[in-house]
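Chain by chain, the residues run as shown.
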Amino acid sequence: MNWILVGIVLTTFVVLGSSRITTRIKAVAIQGGLLSVLQFVARGSLFDIHGALLFGITFFIKTIIIPLLIFRSIRGISMRVDKEPKVSSHSLLLTLGLITTISFLNINTFPLAVGATISSLLIPSALTTVLTGLLILVTKTKATNQIIGFLILENGVFTFGMTIVSEFPTIVEVGVLLDILVGVFIMGIMIYQINRTFDDIDTKSLSLLGDA
Amino acid sequence: MFSVLAVILVLPLVSLVSFLLKNEIKKSAVACLGTSLAAGSGLILLFVPFFQQPHDNVLIPTNIPLVSFAFGVDALSRFFLVVIFGLSFLVGIYGFGYIKEHKKFVNSSPFFSLLVAAMAGVVISKDGLSFLIIWELMSIVSFFLVTAEHENKEVQNAGWIYLIATHLATAFLMMAFVMLSKSSGSLMFGEFVLQNNRTPFLNGLLFIFAVIGFGTKAGIFPFHVWLPHAHPAAPSYISALMSGVMIKTGIYGILRMLTFLGSPPLWWGETLVVIGVVSAVMGVLYALMQHDLKRLLAYHSVENIGIIVTGIGIGLIGVSLKNNMMAVLGFSGAILHVLNHAIFKGLLFLCAGNVMYIAHTLTIDILGGMIKKTPFTAMLFLIAAMSICGLPPFNGFISEWLVYTGLFNGILNSLGHTVLISIAGVLGIALAGGLAVACFTKVFGVVFLGESRSGLLQGSREPPGLLLSPMIILAVLCLFIGIFPWPFLNMVFGAMQIMAPGAGLVDSDHVMSPLVNVSTIFVVLIVLAGLMISIRSLVFKKKQIQTTVTWDCGYAHPTPRMQYTAASFAEPIGSFFQTILRPHVHRDKTTNVFFPEGAVFDEHVPDYAEYNFFEPLFKRIGSIIIFIQSKKKSTVQSYLTLIFITLIILFVAEVWFGI
Amino acid sequence: MEYNFLCNIFILIVMPPFFVGVINRVKSIIAGRTGPPILQLYHDIFKLIKKNAVYSRSTSCIFRIVPLTSLLIVLCAGMLLPIASPSPISFQGDVILFVYLFALARFLTITAALDTASSFEGMGASREATYGALSEITIFIVLMTLVIIVKSLSLNKMLTHGQNVFVADPSVILLFLAFFFIMLTENSRMPIDDPHTHLELTMIHEVMILDYSGPDLGIILYGASIKLFVFMAFTAMIIFPCSEGPVWAGTGILFLKVLAVSIMTGLVESFTARIKLIRIPQMLIASFVLTLFALLITLFDQRML
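Chains H, E and V, in that order, give the protein sequences. Read in order, the letters of the first sequence are residues 1 to 212 in my numbering. Read in order, the letters of the second sequence are residues 213 to 871 in my numbering. Read in order, the letters of the third sequence are residues 872 to 1176 in my numbering.
Be aware that one or more of the hints could be misleading.
So the derived list for chain H, only partly shown, Cβ under 7 Å to chain V, looks like this [claimed, not checked]:
id: 1; residue: Trp3
id: 2; residue: Val6
id: 3; residue: Val14
id: 4; residue: Gly17
id: 5; residue: Ser89
id: 6; residue: His90
id: 7; residue: Leu93
id: 8; residue: Thr95
id: 9; residue: Gly97
id: 10; residue: Thr100
id: 11; residue: Phe104
Label pairs and their computed distance ranges (CB to CB) [to be verified]:
id: 12; chain 1: V; residue 1: Ile884; chain 2: E; residue 2: Lys753; range: 21 to 27 Å
id: 13; chain 1: E; residue 1: Arg673; chain 2: V; residue 2: Gly906; range: 53 to 59 Å
id: 14; chain 1: H; residue 1: Leu94; chain 2: E; residue 2: Pro828; range: 22 to 28 Å
id: 15; chain 1: V; residue 1: Ser1141; chain 2: E; residue 2: Tyr767; range: 33 to 39 Å
id: 16; chain 1: E; residue 1: Tyr767; chain 2: V; residue 2: Gln911; range: 40 to 46 Å
id: 17; chain 1: E; residue 1: Phe696; chain 2: H; residue 2: Leu94; range: 57 to 63 Å
id: 18; chain 1: E; residue 1: Val751; chain 2: V; residue 2: Ala1144; range: 38 to 44 Å
id: 19; chain 1: H; residue 1: Ser19; chain 2: E; residue 2: Met744; range: 18 to 24 Å
id: 20; chain 1: V; residue 1: Ser1141; chain 2: E; residue 2: Met744; range: 34 to 40 Å
id: 21; chain 1: H; residue 1: Ser19; chain 2: E; residue 2: Thr771; range: 37 to 43 Å
id: 22; chain 1: E; residue 1: Ser681; chain 2: V; residue 2: Ser1141; range: 54 to 60 Å
Derived by calculation from the structure, the hints in this document are not laboratory data. Cβ atoms here follow ideal geometry from the backbone N, Cα and C, with glycine treated the same way.
With the sequences and hints as input, model every part of the structure.
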């Protein structure tokens, strides 16, 4: 259990630390796989048909469909490497360290900690993942990075969900997953449109569309 | 006690005689050598058992009610007296030799004895009034010493910054002492300790005032702004004394104030650790970016004060958590570092004086290759540099080791955010240590090694023995404390027990035992190194040794100017920390790309605390004051209004906060 | 006890060049070459020590005494480790001495490099100072984590753990990975610095010793191999703690452990390209964050937060 959680946080680190977009997408894919395993393990019993089903669906969507969608959407766009990061990667990584520390520090005051019977590392890992997702959303302006940040944020929330995994109806989780899928789908279309309009996928360009 | 007081009273007389003398040589001789003699005898008196009666305080009553002057020497004062007298003794000798070469400093020399007297007076004062009076005296006297070259515009500026900073600090101290005396009904330090019925809020306020007031003198970040101005402005022997000892009176003040405030809450120690870490890292970062040798050393004082404050902080956390081990380690580390810093920083500033003597400049990037002309100065600088980096087997390592072990104990024996603060303490000191290595290899390498970058060293020679001999004593002390710290640690433990009364001798034995291993390892290491080097020289006698030029990668005509400069050496670190340092870069971009001609590149790092904190702050305050002045046209009423407002504020403070 | 310690010293003096040979052999096998013999470094060192020396006119006595002293210092640091059996000179708080001895060696090496008045060596010195300072804090986090795990400040306790098993704990594995990276940095190995490059502008350690020749160069190569050995042994001991058994068993296990780490180093060096100089600080911060994470997990496990 701890291994999976550590893996989830580490993939988050990789996403923030690497400068290659493909590495990031792969890391997100691995994180999705880890999450699906995590929820399977969290359910406890191996022969739970719901669990197996959900594992399959989660794995399929998070590890295969979504990364493929993003790969598709960046095809033909020449941005394998971040050219000009808004915030230097040094300070970004140090902020990551700070975020991790804060997530671990405030755990005692967190009300959900009581329900965390699965692993004590669950809440801090989830918190780190959520905050890192937000950090990516705040600091990176390219649309692809925005999608990745959004996905990581969602993965963090998903990890939080593990605290109440036993009393959560399966159908709701599948619904959420579909929502994510649709979200990524729409953003993929947006990337295409932004790129066609501006020859670049920086979301800062979107502000040019205002009435001004 | 009386003997020490007598020594201190002799010093103003020395100063007076020196003032009256006309002859330049005699004037400086009386001031420097007289002070040196008095300090030396004071030092001896402190160690002669006959004169050591611990509890004989001197009380000088006056006719004014509540006012009397008390003096006394306890273990803490005694430790600081040893540091003050010890360094003054050596610096006095050096100062005489230095003034003989630089006649412009003759007129300020009488203040030297006064400064020593004032510093010693501060640490033996046992009541608020005499403490503050002598404290002010110390500030003013050192102001005159800083402005020794008062014709120089920069020196004037430095003097003003110093004067303003130190007076603002004193304002905080006055408030603190007034609040203390009000709550205890007396100005005596003894009463401050006994009448400990203050509210936690008041104690906290006093703690903050003490940290700001004494911290400004000590030079903790961000109140260090006067240090990098004052130290380069003052003559080198005064810089050595100021950086080595005078800023330590700030540390003494913090320690003394802590004894008044009773059992500390956890946040005091934690605050001090955080302040210490910030000071240490920021100090060394700014030091790395300096181009002037003495300015660089001044920033290193900020770093070392940071280490001392971290030690005090972890000691306080230990006292709060009732963990004797932590308290012993933290306080002893801090107090020992006070002595160590006095030794190696004194030595470094004296070396800077030698550099000034030899090359007549302190700009690092135009020096170089001094080790061939002046091997003694170079070796002394190397020893001091290794000590200040905390490298074994020198004294800096011992005190840093104590602080580190204190912090490690803090990690093991506390919970929650205290653990994180201890971890931050370890990381901060480790980072500061690593950067200090970078900084001093830079200075030593660029100033003393390689080839001379300019013709400055033509015909230069080693300074006379009068300048070198006190430095050699300091260098020997660096090594001695590193290998054999026990006599000094005993003194430190005495002082430490005032800070952490619960810590018995058992705990200090616990501290001692690992240090036995440390010094054994050091001795073996040094002996082996000596042996190997002698074997090497024997072997090399049989070999053919050729000399040639440095490998120049096939370049046809290398010049000394092409050596790596200090600025380029520090560049990777500068760019790594550019978010913090915010360097100002000036680049002349007019050069033709294909046929480059002359180009200009200039980079300097302004002090963030000075330009982004104090300058806007004082501008704001200044604008308010101008507003008051212009509105009321400086009539009697306007001043009365100000008095009225002050009265109301005091009234509110009195009634609502009970201060 | 004395016998065991002598054994430790013997290993420390004799074994290190062998593992450099192992790394080179692994690299050449991967590259499809035969490569130099495994014991090549011993030959090199002996050959160099027999040679005469050439010195630059710019250098001073510091340049001459640094190789020997830094060799001694690195040896001393190695003796603090429980190499084949627990070290008798280990004490409470020796972790700090361990790190600071390497800092001392670094100080001396940088100083000697600056003594040559060469701008190439200045560059190397500057980089060594920067990366050294940054990797030092990561080393300190690793040490703090180990201190928290074993609740002791001595390297003996820290690297014996009291048991002789594979410590399968996420934080320990993270520490191992981070320290492995630090080992590569400190010893100027592949992703950070190429030990076999010939371009002075981009080197770190190799460029600092450009002007050494003859016996001094031999001593430097020897010292570098000892440093590499000490770091590899430390790396290995993080996950495979030193055993408490008889000294011959300890020696054998140590040999296998360090062999494994050197093969790993060889593999890493074969399969990675040297990263850009500009990217090195970022990698160091990454390893810093990684170890910080490990530290936090450990604190969390020990219920100290």
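**Message:** Restraint: H/Val14 near chain V, CB-CB cut 7 Å. Satisfied or not?
**Reply:** violated, 9 Å
**Asked** Does the Cβ-Cβ separation between V/Ile884 and E/Lys753 fall within 21 to 27 Å?
**Response** holds, 25 Å
**Item:** Supplied distance hint 53 to 59 Å, evaluated on CB atoms of E/Arg673 and V/Gly906
**Value:** This hint holds: roughly 56 Å between Cβ atoms.
**Request:** Given the hint of 22 to 28 Å, check if H/Leu94 and E/Pro828 actually sit that far apart at their C-beta atoms.
**Result:** Once the Cβ atoms are compared, 27 Å apart, the range 22 to 28 Å for E/Pro828 and H/Leu94 holds.
**Asked** Does H/Val6 pass the interface check with chain V, least Cβ-Cβ distance below 7 Å?
**Response** holds, 4 Å
**Request:** Could you say whether the range 37 to 43 Å given as a hint is met by the Cβ separation of H/Ser19 and E/Thr771?
**Result:** holds, 40 Å
**Prompt:** Between E/Tyr767 and V/Gln911, does the beta-carbon spacing fit 40 to 46 Å?
**Reply:** violated, 32 Å
**Message:** Min Cβ distance, H/Trp3 to chain V: is it shorter than 7 Å?
**Reply:** holds, 6 Å
**Message:** The hint says 18 to 24 Å between H/Ser19 and E/Met744; measuring C-beta to C-beta, is that right?
**Reply:** violated, 47 Å
**Item:** Satisfaction of the H/Thr100 interface hint, Cβ to chain V closer than 7 Å
**Value:** holds, 6 Å
**Request:** Hold the hint about H/Thr95 up to the distance rule: shortest CB distance to chain V must be less than 7 Å.
**Result:** Result: violated, 10 Å to nearest chain V Cβ.
**Message:** Let's test the interface hint: is any C-beta of chain V closer than 7 Å to that of H/Gly97?
**Reply:** holds, 4 Å
Consistency note: the structure conflicts with the earlier hints numbered 3, 8, 16, 17 and 19.
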